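Enquirer: Given next are the chains, with one letter for each unit.
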Amino acid sequence: MHLTRRNFLKAGATTAVAAGLPTPFIARADAADEIILASLYDLSGPFEEVGKQMFDTLTLAVEEINGSGGLVGKKVRVVSYDLQSNLQVSAQYAQQAALKDRAAVVHGGITSASREVIRPVLDKYKTLYFYDTPYEGGVCDRNTFCVSTTPAQTVEKLIDYACKNWGKKGYTLAANYNYGQITSDWVKKFVHDHGGEVLGTEFFPFDVTNFGSTLAKIQAVQPDWVISVLVGGTPLTFYRQFAAAGLNKKIHVCSTTFGGSNEEAVLTTNESDGIVVCYNYLEQIKSPANEAFLKRFHARFGNKYPSLTELPMSSYQGVHLWAAGVKKAGSAERIKVIKALESGISLDMPSGKITMDGATHHVTQDVHLAVYKDKVPIVIETFPRQPPADTAAVCNLFKHPNDNKQYVIKVS
Amino acid sequence: MSVGRVVSYGVPAVIGLALLIGLPQLLDLFVLLQVTLYVVMAILALSLAFVWGYGGILCLGQSAFFGLGAYAYAITAFNIGESSLPVVIAILLPTLFAAALGYLMFYGRISEVYVGVITLTVTLILFNAVNSTASPEYRIGSALIGGYNGLPNVPSLNFPFDPDNTLQPDDVYMVAMATLLIVYFGIRWILRTRFGRVLVAIRENERRVEFIGFDARLHKLAAFALGAGIAGAAGCLFVNWGSYVSPTIFSMIQSAQIIIWVMVGGVGTLIGPILGAVALSWLTAEVGTQHVINADILFGGILIVFVLLVPRGLVPMLTEHVWSRVMQPRRKVAVAAKLAAPGGRA
Amino acid sequence: MAFASIVGLEVVYAVAMLILVSLGLAIVFGMMRVINLAHGEFMVMGGYAATLAVHHGINFWLAIIVVPPIIVGAIGVVIERTIIRFLYGRMFETMLATWGLSLFLVGLMTVIFGDDTEGVPMSLPGLHIGLYQESGYNLFVIGFSVFLVGAVYAFLRYTRLGLLARATMQNAPMAGALGTNTSGVYAATFALGAALAGLAGGIIAPIAGVVPTTGGSYIGQAFITVLGGGASALAGVVSAAILFGVVDQAATFATNAVFGEVALLLAAIVLIRLLPNGITGRFFRRSL
Chain A
1 MHLTRRNFLK AGATTAVAAG LPTPFIARAD AADEIILASL YDLSGPFEEV
51 GKQMFDTLTL AVEEINGSGG LVGKKVRVVS YDLQSNLQVS AQYAQQAALK
101 DRAAVVHGGI TSASREVIRP VLDKYKTLYF YDTPYEGGVC DRNTFCVSTT
151 PAQTVEKLID YACKNWGKKG YTLAANYNYG QITSDWVKKF VHDHGGEVLG
201 TEFFPFDVTN FGSTLAKIQA VQPDWVISVL VGGTPLTFYR QFAAAGLNKK
251 IHVCSTTFGG SNEEAVLTTN ESDGIVVCYN YLEQIKSPAN EAFLKRFHAR
301 FGNKYPSLTE LPMSSYQGVH LWAAGVKKAG SAERIKVIKA LESGISLDMP
351 SGKITMDGAT HHVTQDVHLA VYKDKVPIVI ETFPRQPPAD TAAVCNLFKH
401 PNDNKQYVIK VS
Chain B
413 MSVGRVVSYG VPAVIGLALL IGLPQLLDLF VLLQVTLYVV MAILALSLAF
463 VWGYGGILCL GQSAFFGLGA YAYAITAFNI GESSLPVVIA ILLPTLFAAA
513 LGYLMFYGRI SEVYVGVITL TVTLILFNAV NSTASPEYRI GSALIGGYNG
563 LPNVPSLNFP FDPDNTLQPD DVYMVAMATL LIVYFGIRWI LRTRFGRVLV
613 AIRENERRVE FIGFDARLHK LAAFALGAGI AGAAGCLFVN WGSYVSPTIF
663 SMIQSAQIII WVMVGGVGTL IGPILGAVAL SWLTAEVGTQ HVINADILFG
713 GILIVFVLLV PRGLVPMLTE HVWSRVMQPR RKVAVAAKLA APGGRA
Chain C
759 MAFASIVGLE VVYAVAMLIL VSLGLAIVFG MMRVINLAHG EFMVMGGYAA
809 TLAVHHGINF WLAIIVVPPI IVGAIGVVIE RTIIRFLYGR MFETMLATWG
859 LSLFLVGLMT VIFGDDTEGV PMSLPGLHIG LYQESGYNLF VIGFSVFLVG
909 AVYAFLRYTR LGLLARATMQ NAPMAGALGT NTSGVYAATF ALGAALAGLA
959 GGIIAPIAGV VPTTGGSYIG QAFITVLGGG ASALAGVVSA AILFGVVDQA
1009 ATFATNAVFG EVALLLAAIV LIRLLPNGIT GRFFRRSL
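As they're listed, the protein sequences go chains A, B and C.
One point on numbering: in our numbering, the residue at position 365 of the first sequence is 365, and numbering is uninterrupted.
To convert, take the position in the second sequence, counting from 1, and add 412; that gives our numbering.
To convert, take the position in the third sequence, counting from 1, and add 758; that gives our numbering.
One or more of the hints may lead you astray.
No more than 16 angstroms apart at the CA atoms, straight line, and that leaves these computed lysine to aspartate or glutamate pairs for EDC-like [to be verified]: (1) A:K100 with B:E549; (2) A:K168 with A:D224; (3) A:K304 with A:E49; (4) A:K188 with A:D224; (5) A:K410 with B:E549; (6) A:K100 with B:D440; (7) A:K286 with A:D366; (8) A:K373 with A:E291; (9) A:K164 with A:D224.
To be clear, the hints were calculated from the coordinates, so they are not data collected in a lab.
A quick note: this is a predicted structure, and the numbers were derived from the prediction, not measured.
Make the full structure from the sequences, and use the hints.
Expert: And the structure:
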C-alpha cells in the first residue's frame, strides 16, 4: 500500500521513474582516504566567543590525533560551519555535513535549541553526533553522545555548598528556556533535600537589561544566597546591578554559568569576588595532564588566550573520546564506533579521568567546586567520578536501543 | 486569448512544471533540500509581494503570519498525529488573525505608517510571548510550546488521511513547488478579477476609489487576510522542511528579510520577489560557509543601496531596459506614458 | 512602607529610562517626520564610545556624558548627508533605509568590537531605604533625564537655533525664503537626535552590557513611546513614557519582565487605535 501510493504519485507526476532517493544511506567515510569531522559551532552572534574557543580546542585535538599518525591509517579533516546563532542555518548545515560532506562525525550545536534541530537531521541521515555543551540532561538517543556535564553532576555540589555554608534560603534567577527551567527545578529539589527553601524563582529573556524590580523582590524576601542560571549577555548586567545596589556584601552568589563567557574579565573584582561555581574543568586544576595540555594549547594559540572553561574542554575531550572509539572499533563506521564507545571507554584527560557511560551515552567525570577571587577561580574541593545520574534515571540505551527523545526528567 | 497572454502565462507554467518534475530526478538529496527551502521562502515572498506590491499595505510584520502558520501546524500535528487538518488550520489561523488585526487597523482608518508600526509591534509581541513559554505549564493538548527552544521533531506531512504514510524529502519538494505555482497563478488570476482591479486602484488613489463608491477598507482587509493565509501556508511548509519551529521565526530579522526580498526583486511584480527570495536565501547560506563578510553588513548594505538607487527593484528595471530596446518607437511612447503615470509600478 | 517606596522609585526609574531612550528618536520624528529604525544602534555606538573612553583613562563622568553625544552626533551628520537627506518626505522609504542602516551598523560593530559583552565599571555607593538598598546610579539616571528634558525644552524654546529649527520644520519653503539655511537645519536636527541617542547609550553603558545586538531591545520601546506620544516631541515623550512606564512596571512586579514588555506593547496598540495621532494629537496640542 505504502509503496504503491508513493509510486503512483511519482508515476503520475514524473515520467514513471521511481528512482527513489539518491545514495546518502550507503556506507561512507571508509571509502575515502581521509575521515571528515564536521564542526558546527556558532562563530558569530551571542555565542561567538565560546564558539571560537570550542572550535580552537577541537582543532587542537584533531591536530594531536593527526600528529600521532591519524586514525585507522587515515588523516582526520575538519570541515567547519558557522551556525550564526540561526536555527534555520543550523538545520541547513547539518544536512550539508551529513549529505554533502559525508562526515563520519559531527561535533557541535551550542544551545539546546540548535541541538534539537541538528539531532533529528543527523538521526535521519545516519551520521554520528557529539554534543559538547553542559546542558539540562535527558537526551536519550543511540546516535548521539553528550560529553559535557548535566545538573546532577554540578548543581548538586553547588547547592550542597550553599546550604552548608551560607544558609538554607535560596533565590533562583534563570534564563527563560529549557536549560534554565529544568536546572531551576533541580535547584529546588536539592534545596528541599537539605530541608531548605527556594524563596523565589524568576525567569528572564536573553536581552533583559533592567534587574531593578528583581533586586527589590530579592530584598523583600531576604534570601541567604542567590543562584544565577542566566545565559547570554544578561548575567553581566545582573552581577553589575547586584553589586551596584550593594547587595553582594549581604547575599552570597553562586552560578551554573559564571565564567563560561569570561564574565570575570569584564567585571571588577568587587563585582565578581566570592561567586562560587562548579565545573568539570578549570585551568587551575593541578595535574600533569592539565599542565601539559595548557602548554600545548598556549604554544598553538598564544599566551594571551582567555582562560578556558568547561565548554571548550568538552569539545577537546569529545574529539578524543570519538577517536578512542574509532581506534577501538578499527573503523570510522557509525555503528561500529557506537558499539566501541558503549563498551565504556576511559581516558585520562586534563579535567581528570573520564568514562563513557554506555547506557546513557553521557560521561562519568570529575567536577570541581571553586570560588572567584581576584578574577581567578580558586578550587575549594574536587568530587571525583560523578555519574550522569539524572539522565540515567530515565534512559537506558542497552535496554531500549531505539529510544530517541529528550526526556524531561521529573524532579520531585 | 492574445499571443502575448499565452506567452505570459505559458512560459512560467512550462518552466514551473519542468522544475516540479525535473529537479527531483536531477538533483541529489542535499541540493534538493536546499531548493525546497528556497521554494518555501519564495512563497513567503509572494505573500508580501501581493499585500505590499498590489494592496499597497505596508506590512512590516509579515513574519507574524509565517510564524503563526508554522506554530499552528506544529501544535495541531502533535495533537492529532495526522497532517490534513493541521494544514488547513495553518492557513486558516493566520488568515483569521490578520482579519481581526486588519479590522482594527483599516476600519480604524489608521495612517499608512502606523499600519507598519502596528504590524511590527504585533511581531515583537508574538516573539516575546512565545519566547517566554519555556515552562512545562505552557502546553496545548500534548504539545509543549517550548519557549526559546520551540518545538523540535514535528511530525511531517502525510498523504491525506493516511497518517503512517509520511512524505519523503522529494515529495515535500514537489508539494512546495506545486504550492508555489498555485499561489503564483492564483495571485495573477485574482489581479485580473474585479476585486484585484479595485485593489490596485486603491493602491494608486484610495480616496478617489471611495468616491466612486467602493469600500476601500473591505478590499484592503481581504487582501491583508489573503496574504496572511499564503504566509501561513509557507510557514506550514517550512516546518516540514526542517521538522522544527522556534520563536526566531517571528524575529525582526525574519521580517526584514522578507521585505528585502521583495524590495530587491521589485515591488509590484511577482516574479521579482520569487527571484529575490531564492537568490538572497542562497546568499545567506553561502555567507556562513565563506567566513568572509558579515551577513548583517551585506543585507543592511543591500537594503540601503536599493532604497536609494534602485527603489523599484531589479526586475522592473531590467524589463523596462530590455523592453525599450526591443519594442518599436510607437510602443516606446506608450511604455513611457505608462511609467510617467503617478505611482507607475507596473 | 520601605518596599512601597522602592517600588515607587522603580516606577519613576522606568519612566526616566523610557524618556532617555526615546528622546533622540522623538526629536527626529517630531521635528523631521523621519522614523529612524537605527536609533537603537546609535545608542549602542554611544555605549561603545563610553567604553573606549573609559579604557583610555578618561574620567568616568566625561566618558559617559560628554564623549558619546559628540561622537554619535558627528556620525549622525555623516549619515544624514549620505543617506537621509535624499529621502525627506518619503516616510516609508526612510524607514526601510534606516532599517538597512540598523543591520549594517550591527554588522560593522560586530566586525570591529566582536560579540563579547563590554562594560563600563561604575562605583557609586548603594542607597539605604529602610532595610532595602537601591543603586545610587538609578537616582542619577532619574535626575539626569529630568535635567535633559529641561535642557532640550530650553534649547528649542529660547535659543535662536531652536527657533530656526522649529520654523524650518513647520514650513521649510517659508523659512528658506526668509534666509534660513534649511538643509543645514535638517542636518543639525538629525545630529541632535543622534547625539541624544548616543548620550542615552553612554548613560546606560554602566548598568547594561554593551553588545552590538542590544540596540534591538531598545528600539521597540523607543518607537512605541514616540508614536504613542504623537507629534509634540517633548510633551509626547514625557506623557507616553509615564503611561507606558507605569503599565510596564505594574505588570513586571505582578508577573515578570517579559509580561511587563508584552503589557507595554499591548497598551501601545490600544492607545494607537484610540488616539491614532498619539497623546499629543488629542491633548497638550500646543506644547513643544
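Enquirer: For every hint, state whether the structure bears it out.
Expert: Here is how each hint holds up against the structure:
1. A:K100 with B:E549: Distance of about 40 angstroms is beyond 16 angstroms: violated.
2. A:K168 with A:D224: Answer holds: K168 (chain A) to D224 (chain A) is near 7 angstroms, not above 16 angstroms.
3. A:K304 with A:E49: 14 angstroms, holds
4. A:K188 with A:D224: Holds: K188 (chain A) and D224 (chain A) sit about 15 angstroms apart, inside 16 angstroms.
5. A:K410 with B:E549: 13 angstroms, holds
6. A:K100 with B:D440: 9 angstroms, holds
7. A:K286 with A:D366: 13 angstroms, holds
8. A:K373 with A:E291: Distance of about 21 angstroms is beyond 16 angstroms: violated.
9. A:K164 with A:D224: 11 angstroms, holds
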